[in-house]
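Chains as they are written, first to last, in this note's numbering: chain A, 1 to 280; chain B, 1 to 467; chain C, 1 to 324; chain D, 1 to 192.
None of these hints come from the bench; they were simulated from the model.
You may find that some hints are simply not true.
To be verified - Mimicking EDC-like on lysine to aspartate or glutamate, the simulated pairs with C-alpha atoms at most 20 Å apart in a straight line are:
| id | chain 1 | residue 1 | chain 2 | residue 2 |
| --- | --- | --- | --- | --- |
| 1 | D | 34 | D | 159 |
| 2 | B | 85 | B | 123 |
| 3 | D | 94 | A | 42 |
| 4 | D | 93 | A | 34 |
| 5 | A | 62 | B | 414 |
| 6 | C | 320 | B | 116 |
| 7 | D | 165 | C | 74 |
| 8 | B | 464 | A | 67 |
| 9 | D | 34 | B | 414 |
| 10 | C | 321 | B | 417 |
| 11 | D | 94 | A | 38 |
| 12 | D | 165 | B | 409 |
| 13 | D | 33 | B | 412 |
| 14 | D | 93 | A | 59 |
| 15 | A | 203 | B | 102 |
| 16 | A | 62 | A | 42 |
| 17 | C | 320 | B | 426 |
| 18 | C | 321 | B | 277 |
| 19 | D | 34 | B | 412 |
| 20 | D | 93 | A | 38 |
| 21 | D | 34 | B | 411 |
| 22 | B | 17 | C | 21 |
| 23 | C | 321 | B | 268 |
| 24 | C | 321 | B | 418 |
| 25 | A | 208 | B | 359 |
| 26 | D | 33 | B | 104 |
| 27 | C | 320 | B | 268 |
| 28 | C | 321 | B | 423 |
| 29 | B | 448 | B | 426 |
| 30 | C | 320 | B | 393 |
| 31 | C | 320 | B | 277 |
| 32 | A | 98 | A | 240 |
| 33 | D | 94 | D | 3 |
Every value quoted in this text rests on a predicted model; they were computed, and no experiment measured them.
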Amino acid sequence: MGALVTTASAIGGVGLVCAVALALAARFLGVEEDQRIEEVVDLLPGANCGGCGFAGCADYAKAMVIEGAAINLCAPCGAETLQALSELLGRKAEATEKEVAIVLCGGNATSAPRRSAYNGVADCAAAHAVGGGDKVCQYGCLGYGSCARVCPSGAIELVDGLATVHPDLCIGCGACVRTCPRHLIKMVPATRVVHVLCSSRAKGPVVKKACTVGCIGCSICTKLAEDNAIRMEGPLAVVDYSKQFDHPEIAEKCPGHCIVRHQTPNTEHRASLKEPAGTS
Amino acid sequence: MKLLKAKHKSHGGVHPKYRKNLVQDMAIEEMPLPQLLRVSMAQHLGAPARPVVKKGDTVLRGQLIGEAAGFISAAVHAPTSGTVKAVTPCPTPAGPQAPAIEIEPDGEDRWDPEVEKSAAARDGLIAEFQKSPGAKKDVVLGIIADAGIVGMGGAGFPTHVKLSPPPKKPIDTLIINGAECEPYLSSDNRLMIEHAERIWSGALLVRKVLGAGTLRVAIEENKPEAIAAMEKAAGDFGGEADVAIVVLKTEYPQGAEKQQIYAITGREVPAGGLPMDVGTVVQNVGTTYAVWDAVVNARPLIQRVTSLTGSPVSTPRNVLARVGTSYADMLAFCGGTAGDVAKAISGGPMMGLAQASLDIPTTKTTSGIVLLTPAELSVYGSTPCISCGRCVDGCPMNLMPCELSQMLEAEDYDAAEEYNVLDCIECGCCAFQCPAHRPLVQHIRQGKARIMAKRRAERQAAAKDES
Amino acid sequence: MTDTEEQLYIVSSSPHAHSGDSVRRIMLDVIIALLPACAAAVFFFRIDAARLIATCVAACVATEWLCRKAMGRDSGITDLSAVVTGILLALNLPPSLPTWMAVVGSIVAIAIAKQLFGGIGYNPFNPALVGRAALLISFTGPMTTWSNPATLTAATTAATPLRLLRRYGVYDFTPTMATNAFLGNIGGSLGEASVLALLIGAAWLLWRRWISWHIPVFYVGTVALFALALWLIDPQQNMPPHFHVLTGGLMLGALFMATDMVTSPVTKPGMAIFGVGCGILTMVIRRWGGYPEGTSFAILIMNAFTPLINRATRPRVFGKKRSA
Amino acid sequence: MTEYLLLVVGAVLVNNFVLTRFLGICPFLGVSKKLSTALGMCGAVVFVMTSASAVVWLVEAYLLVPLKIEYMRTIAFILVIASFVQLVDIALKKISPALHGALGIFLPLITTNCAVLGVARLNVQFKYGFGKAVMFGFAASLGFSLALVIFTGLREKIDRADPPKAFQGVAIALVTAGLLSLAFMGFAGLVK
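Take the sequences, apply the hints, and build the full model.
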């Protein structure tokens, strides 16, 4: 019994001394920190995609808590996360419409020929910087997959030398949009069904030489689309994505074969994140 | 005339196969006018020129067809008389398309009367300029600007800008660069052999404009004929003080601005700085010739000497052709090809730009067109770096290309910036030697582009924050 | 121009010229440079030398091929680097070593020290040295049993000069012994023996510019100075400097192992530091350590420092102030 | 003097805490990605190990031994070490928040770091006096620092390497640590 008391009091004493020392240290050296930052970090998806405009999720969390940044900037976050953020921070925000990336080019290895044999770093920006790219078309997808490499959710696949987004995997962060040296990728509302898959600003005859599925600027589609939902920007037909529209025959009527019409719009958010890199 | 040896030796450098023998003894030949000329508006660094003619206009040789669009820009003139067929985008040697004016020559090659009129008044002007350089300096600079003269060594920096350093940066040394260290090319060499006197006159004019004391002409020792010609011609300018030819050791890149300044003066251009920061201006011999032609004969820059060479070329030649002649037409003038062509390079093999096609017009900066056979090719691979250190030994800027390339492969831009990637002059000494055939220069170029883009974005963000 | 793929011009970033050097050419040169040492080894140790060299080369190449195959990558054996590793490993082995041990060493060298990291260029440590160190630690007995050169007596076991030193303390290193050590007429590992053959080979590499003089000179110089200092302090306790320079694996290490480009610094000042470090460590281990020979461990330890040395000896960039 | 020198050489080179005793592997792998962070970690470990050796020695000599409760050693040691680490944690947060952020989870992990506990227990095992105990703690932490700095340099090279998939990341780092360990075996016998 005596031994037990000795032991307990000795260890307890050591503990007490340590505790007092720590308490003093905390008192004089302590730094205040808002606990909510960590809670917010836990709510965010942790993909660190940078789509919100901040350097990763932790940075955005800090900005939300301390600087009062808007809480609806995270594209990969679903409605529940937004709700949770709203409750935690006591601020309200409208959920933004879900957007997915789309590559506005249809020129794959068969339809859009190459003009030279590129030898060098397999990266779109690099290939583009060497003599303006190795495709005849000066605007089309080079197919070296830079967008696929930056996609945090593995939603972009190279299909026959053409970058193709799987809309159901896309988390809407926009990393690919920022990467594409030819600015072919656009974030569009997931509910849109009609797309002009061409970004060439060249005139019709030039496009025809460069690609079998390019927009030749005939403007037939602009007449089919009501409410100016497709308009001509120079020689290129451009979809106005602020408008919801559909036309059952629009794809067949395009003589350039560059308009696609998806039968089932993608509204479901089935994000399957790749394992985030760099966690211990 | 004294022949000086270079006093200093900058780090690194390589000795590629020069193969100058293909064209160095071929006299400059003027090429007949082609069927069509496409004159690009983007032949220089800076803003492309603004077209001032439209489809259907008739133009005369030497007439202004594109005006400078800003301070760092250059005027463009009609290379011959004829009709404007179109103003349309056209590929440039660097790749991206730029507006170009297509001219169908009428075959008469009539000079713009304005040119002939002002040429008549030039003798008087030059005499006045010699008497009081200060007063007439701006007039001469204006002539150089109006003639659309740009650096003809490759970069195409507008010459009038280069010759107008801010008053805070006095220039004491002018170096005329006749090193032509790029393998294969011989256009500057021929120009010095055939027009030494004109180059000297041009150089003396430029020196007067700059108010510099020292004038050096730098020539690599593998061009003895050019050295002899320049030396002989210098005799005519006996009275000039502090003028000399510097004979450089044959080594690539002796023609690179910073390395040449160091070799001759021992001054190091500070990182991120310009030659004028050390009181020096370097001017290519071709540009110097163009200055002479513009000031003395009132002729704008509408033609240049281009070495068309390489083993697949039937008859390699030094061609004097109008700006806007297509590469294909030039090749036809040289008898076409004999053998397979695997690569077509605009410029020399070390820093030139590979072309996807020969259907592309020449510019003021096309110093050479080099064709390579499949056997002469070196193919880049992505094999790992074996740390042999040859690139470190060879780098004239004293960088570590092997480290930089691996950092950039791993997209570690901050580390690359810390390792001074932005100081790279892209001379290619590293990739030339790399036994693993790594695309070192391309990695570095990409990295530089990314870092510059990031800096621009940061500057913009900072500007937005302030407003 | 037609549109067929074959006739498209090749487009790449500059430069478009190349010196023509290749990794394979480097390896070929190293093999050529090692031939005199191999010949000397076969001359002095006869069939044992041939057996070990053949075994190691074959095992290294086979391991390399198998590893590349297992990893689903291009076969790397055409760059000849496995052959180099094999020869170097063999030169680091005592002539009487059983064949199977040589095979184990080769497997460790190629599979663990090299291919696990992704193959040539990625390995932080010299593969041949890792193979040797692993064998030395695992099979200390056979790795330190030396047979005399066939040119000497028929005695089956002998002691290397460094072993003698360890066992009996300082002895008189006569000029005859020094000459024998220089020519290779002594006991030791295959490649430790003939300093002359190693120098001839290294001269080839120097002439081909694949190694620079910095590492060997600073390495051997440091060993000589260190040994000289010790010898001057107390000649009774220490051997003279030329003993340390001529015996053991120092020359093989300094000329061929420490100069391995993948695992040594790329800058000249870095190479000097690397050489000095190797020299100090070699002498510390020889003089005070548990192993009679410190060359391989010294080089392995300095291999680990190589990235730090590279970082610390970054050259001053043209146009930048020294302090920046 | 020679005695202390041998102690240091022994703890830094021959029986390096990380490479020979295999203690403190966790921060060794975790904080070896950037040199600046690694150096910060070295500083923290040197401080904690040296001062913990001293305090723990006092606890052992003046508390546990007199009270004959040596069996409580581990608990008492951990208590003291944990408090020390917490102290460093608080101080670091105040002095250098950037370093604090970079060290992250590994700072609190020193608490349960076997290297710190190991040095305390070895001090008892070797029956070192106070001076030697502190010296040993200091030398051991220097050994840790040496290994960590070397490894950080190597890590840069390995991170750019291209190992087979199964060996990417920590696996290849451990292989490298093993090879480094192999190299350090060359120091065996320096101190008998």
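Structure-based check of all given hints:
no., hint, result
1, D:34 <-> D:159, "holds (11 Å)"
2, B:85 <-> B:123, "violated (37 Å)"
3, D:94 <-> A:42, "violated (24 Å)"
4, D:93 <-> A:34, "holds (14 Å)"
5, A:62 <-> B:414, "violated (23 Å)"
6, C:320 <-> B:116, "violated (50 Å)"
7, D:165 <-> C:74, "holds (15 Å)"
8, B:464 <-> A:67, "holds (17 Å)"
9, D:34 <-> B:414, "holds (13 Å)"
10, C:321 <-> B:417, "holds (16 Å)"
11, D:94 <-> A:38, "holds (19 Å)"
12, D:165 <-> B:409, "holds (19 Å)"
13, D:33 <-> B:412, "holds (13 Å)"
14, D:93 <-> A:59, "holds (18 Å)"
15, A:203 <-> B:102, "holds (17 Å)"
16, A:62 <-> A:42, "holds (12 Å)"
17, C:320 <-> B:426, "holds (18 Å)"
18, C:321 <-> B:277, "holds (15 Å)"
19, D:34 <-> B:412, "holds (12 Å)"
20, D:93 <-> A:38, "holds (16 Å)"
21, D:34 <-> B:411, "holds (16 Å)"
22, B:17 <-> C:21, "holds (13 Å)"
23, C:321 <-> B:268, "holds (10 Å)"
24, C:321 <-> B:418, "holds (14 Å)"
25, A:208 <-> B:359, "holds (18 Å)"
26, D:33 <-> B:104, "violated (64 Å)"
27, C:320 <-> B:268, "holds (9 Å)"
28, C:321 <-> B:423, "holds (13 Å)"
29, B:448 <-> B:426, "holds (10 Å)"
30, C:320 <-> B:393, "holds (18 Å)"
31, C:320 <-> B:277, "holds (13 Å)"
32, A:98 <-> A:240, "holds (16 Å)"
33, D:94 <-> D:3, "violated (39 Å)"
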